[in-house]
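Undergrad: Here's the letter readout for the chains.
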Amino acid sequence: MPRVKIARKSTVTDMTAMCDVAFLLLTFFILTATARQPEALPVDTPASTVKVKLPDTDIATVTVGQDKVFFGMTSQPVRALTLQKMGELYGIQFTQDEIHRFSLMESFGVPIGNLKQIIAMKNDERNKAGLQPGIPVDSVGVRPSQLYDWIKQSRYATKELNNQDMRLSIKGDAKEEYPAIKKLIDILQSQSINKFSLITSLRGEEK
Amino acid sequence: MAELDTSGGGKKGGGKVRSKKASTRVDLTAMVDLAFLLITFFMLTTTLAKPQAMDIAMPDKSKDQPDSHLEVADNRSMTILLGAGNRVEWYMGSVDNPLTPPQVDNFGKSGIRKALLEKKKEVIALTGDPAKGLIVLIKPSDKSNYRNLVDILDEMAIIKPQTYAIVDITDPEISLLKRDKIY
Numbered sequence: 001m002p003r004v005k006i007a008r009k010s011t012v013t014d015m016t017a018m019c020d021v022a023f024l025l026l027t028f029f030i031l032t033a034t035a036r037q038p039e040a041l042p043v044d045t046p047a048s049t050v051k052v053k054l055p056d057t058d059i060a061t062v063t064v065g066q067d068k069v070f071f072g073m074t075s076q077p078v079r080a081l082t083l084q085k086m087g088e089l090y091g092i093q094f095t096q097d098e099i100h101r102f103s104l105m106e107s108f109g110v111p112i113g114n115l116k117q118i119i120a121m122k123n124d125e126r127n128k129a130g131l132q133p134g135i136p137v138d139s140v141g142v143r144p145s146q147l148y149d150w151i152k153q154s155r156y157a158t159k160e161l162n163n164q165d166m167r168l169s170i171k172g173d174a175k176e177e178y179p180a181i182k183k184l185i186d187i188l189q190s191q192s193i194n195k196f197s198l199i200t201s202l203r204g205e206e207k
Numbered sequence: 001m002a003e004l005d006t007s008g009g010g011k012k013g014g015g016k017v018r019s020k021k022a023s024t025r026v027d028l029t030a031m032v033d034l035a036f037l038l039i040t041f042f043m044l045t046t047t048l049a050k051p052q053a054m055d056i057a058m059p060d061k062s063k064d065q066p067d068s069h070l071e072v073a074d075n076r077s078m079t080i081l082l083g084a085g086n087r088v089e090w091y092m093g094s095v096d097n098p099l100t101p102p103q104v105d106n107f108g109k110s111g112i113r114k115a116l117l118e119k120k121k122e123v124i125a126l127t128g129d130p131a132k133g134l135i136v137l138i139k140p141s142d143k144s145n146y147r148n149l150v151d152i153l154d155e156m157a158i159i160k161p162q163t164y165a166i167v168d169i170t171d172p173e174i175s176l177l178k179r180d181k182i183y
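Protein chains in written order, with our numbering: chain A, 1 to 207; chain B, 1 to 183.
Think of the hints as simulated: they come from the structure by calculation, not from any bench.
Heads up, a few of these hints could be off.
As the list claims (entries may be wrong) - The following residues of chain B were derived to be distant from chain A, with all beta-carbon distances above 12 angstroms:
no.: 1; residue: A22
no.: 2; residue: A73
no.: 3; residue: I135
no.: 4; residue: L137
no.: 5; residue: P161
no.: 6; residue: S175
Unchecked claim - Only pairs whose alpha carbons sit at most 25 angstroms apart, straight line, appear in this in silico DSS-like list of lysine-lysine:
no.: 7; chain 1: A; residue 1: K182; chain 2: B; residue 2: K178
no.: 8; chain 1: A; residue 1: K175; chain 2: B; residue 2: K109
no.: 9; chain 1: A; residue 1: K175; chain 2: B; residue 2: K143
Yeah, the Cβ is synthetic: ideal placement off N, Cα and C, and Gly gets one too.
Isolated chain B (complex conformation) (with noise of 0.2 angstroms):
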C-alpha cells in the first residue's frame, strides 16, 4: 500500500528514544465521495443538456398551383384558432357553418385536450372507418404567441389525430376571435 516508512531510523541503544511514527494513510473517503459526485453530475448534464426537437411540417407550398386545396370533410375536420391571452377556440365543420357553436378553452389537460379527444372518438364513430380519423386544423392568429403553437403541437403528439396542419387564418375567423374577445 501507499505508505512511507516514517519511523525514524531506529536509534540503537541509549535507552528508549523513540520517534513517534505518524501514520501516512490519509482518508480517502470525502474524496472519493466527491469525485462521484462529480461524475454523476457530469454523466447527467451531458446527456440532458441536448435540446428537444419538435419536427413538424409544413403542407407544401408549390407556386405552380397555388389555388390547390385539399378537401376536407366537413364532418372530420376540427379548427382550432389560437388568439390572445393563451386561449383557444374551436368548432367542427367550416367557418360559415359550424356543426358545434365555436368555443372558447383553454390549452392543457381539462381544456382542448379533452375536446379533441372526445372529437377524434366520436369522428372515428361517424365514420366507422379507423382510417378516417381526425382532421385538426390549427389556425394561429397574430395575437398568439410562439409557446401556444408548440403548446397546441404538443397536444397533437399527445393525442395523435389522423392529420394536422397549420393552415393561415382567415379574416371571418379572426372576426369569431374578435367577437369572443380572444384577440
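Isolated chain A, as found in the complex (with noise of 0.2 angstroms):
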C-alpha cells in the first residue's frame, strides 16, 4: 500500500528582506535625526499643556538659568554676519576663521570681549559647567547692553539673509526668578518685541 505523504511547511520564514527594509529604515532614520548638541547652559524648562511645537529657522534663542543669560542663533549663515556685525559694532575684529568657528556654536554667553577666548577653545571645553559667565544684560550708560545689541544685530542678519522676520524664544530655568525675565522681556519691548514665544516641555499628564 502506498504510503501518502503529506507535505510538511516549514514554518520558517525567510526575514532576509524583512531584516534589509529595517535595516534600511534604520540607517535612514539615524542619518536624519538631528544630533543633540550639548548645551552650555542646561536648563529645566517649566511644564505646559501647549501642544506648539517650536519653528526650526529664523529663531534666536535666549537661555535663562542661573542669572546667565545665553544668547543662541539657529542658521549658521545668520551666526557668522551677525558676528561681523557685533565686530564692526563693538570695534573687535574678527578673522575669517574666527567667524567660521563662531558660526559653529549653537549658543554662547560671555561679555563680546571674551568671545575670541571662547572661540578658540575646543567643544567639549566650552560646554564645561561655570566656565561662561552670561552675556551682560544691564546697559551701561547710554549704551545699550550687550544682549539688546545681539539680539538686534541677529534680527538685521536674518533680515538680510533670508528677508524673514526673526522670531525671539525665552527659555528660562523653571527656578529662575521672576526679575531675570522680566529684565529680559523689557530688553525685547525695547526692541518693539511684543511676541515671543517661551520654551516649554510637555506636560505629561492633564492635571
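With the hints as a guide, bring both chains together as one complex.
TA: Below is the structure:
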C-alpha cells in the first residue's frame, strides 16, 4: 500500500527581505535625526499643556538660568553675519577662521570682549559648567546692553539673508526668579518685540 | 535564498564518508526585532525632542505715549498676583476697592482654575454679552519665579478668557501680598 505523504511546510519564514528593509529605515532615521548638541547652559524648562512645536528656522533663543543669559541662533550664515556686525559695532576684528568657528557654535554666553577666547576653545571645553559667565544684560551708561545688540544685529542679519523676521524665544529655567525674566522681556520690548515664544516641555498628564 | 552549497564535493565511490551538511541559514528574528526597536526609537525621538513653544504677546510699550492706559471695567477684570512659594492671590476689580476680597490660592486644577472658570461664567452672565468676557491681569511679583509665569499662562491657554495681559505689579498690591505672607 502506498503511503500518502503529506507535504510538511516549513514554519520558518525568510526574514532576509524584512531585515533589509528594517535596516534601511534604521539607517535613514539615524542619518536624518539631528544630533543633540550639548548645551552650554542646561536648564530645566517648566511644563505646559500647549502643543505647538517650535519652528526650526529664523529663530533665536535666549536661555536664562542660574542668573546667566546665553544667546543662540539657529542658522549658520546668520551666526556668521551677526558676529561680523557685532565686531563692527564694538570695534573688534574677527578673522575669517574665527567667524567660521563661531558659526558652528550652538549658543554662547560671554561678554563680547571674551568671545575670542571662547571661540578658540574646543567644543567640549567650551561647554564646561560655569566657564561662561553669561552675556551682560545691563546697559552701560547710554549704551544698550550687549544682549540688546546681539538680538538687534541677529535680527538685521536674518532680515538681510533670509528676508524674514526673526522670531525670539525665551528658554528659562523653572526656578529662575521673575526679575531676571522681566529684564529680558524689557530688552525685547525696547526693540518693539512684543510677540515671542516661551519654550516649555510637554506636561505629562492633564492635572 | 542566501544559502551556500556546503556539500563537500561528494566523494565518489570509496565507501560512505559524508561530510556533515551544516546549514548556513541564520536565524534573523532577533536581528529584525532589534532593528525595529531602534527604528521606533529614532522615529519617536526625532519628533518628540522638539520643544514646545508658548506664544505670548505683551502689550505694546510705545515711548510716544507712556501714559496710555487701557480702561478696564472693574466688574470684568480679575487681577492675579503671583507671590512667593508657588502661591497666587486674586481679586476682582481694582486694588483699592476690590469687588471680592483678595483670596490666596494655589496653582492647578483645584486652585486658581476653579476660580477662573467660575468668574468667566459670572462675567458673561453679568454683562450678558459673550463678547464682553473676563479680562485677566497677571501681575508677577519679584518673588515669583519663571515656572509660576508659565503655569499661569498655561491656565490662560486652558481657560481662554477674553483677554489677558502681563502687567507690572504696583505697591499697594505688594503690600497686599506682604499682608498675606506670600511675599
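Undergrad: Now, for every hint given, state plainly whether the structure supports it.
TA: We went through each hint and held it up to the structure:
1. A22: holds (16 angstroms)
2. A73: Since the minimum Cβ distance to chain A is about 24 angstroms, B:A73 lies beyond 12 angstroms and the statement holds.
3. I135: Holds, since 18 angstroms exceeds 12 angstroms.
4. L137: B:L137 clear of chain A: closest Cβ-Cβ about 15 angstroms, beyond 12 angstroms.
5. P161: holds (16 angstroms)
6. S175: Answer for B:S175: holds, closest chain A Cβ roughly 18 angstroms.
7. A:K182 <-> B:K178: holds (21 angstroms)
8. A:K175 <-> B:K109: Holds, at roughly 21 angstroms.
9. A:K175 <-> B:K143: holds (11 angstroms)
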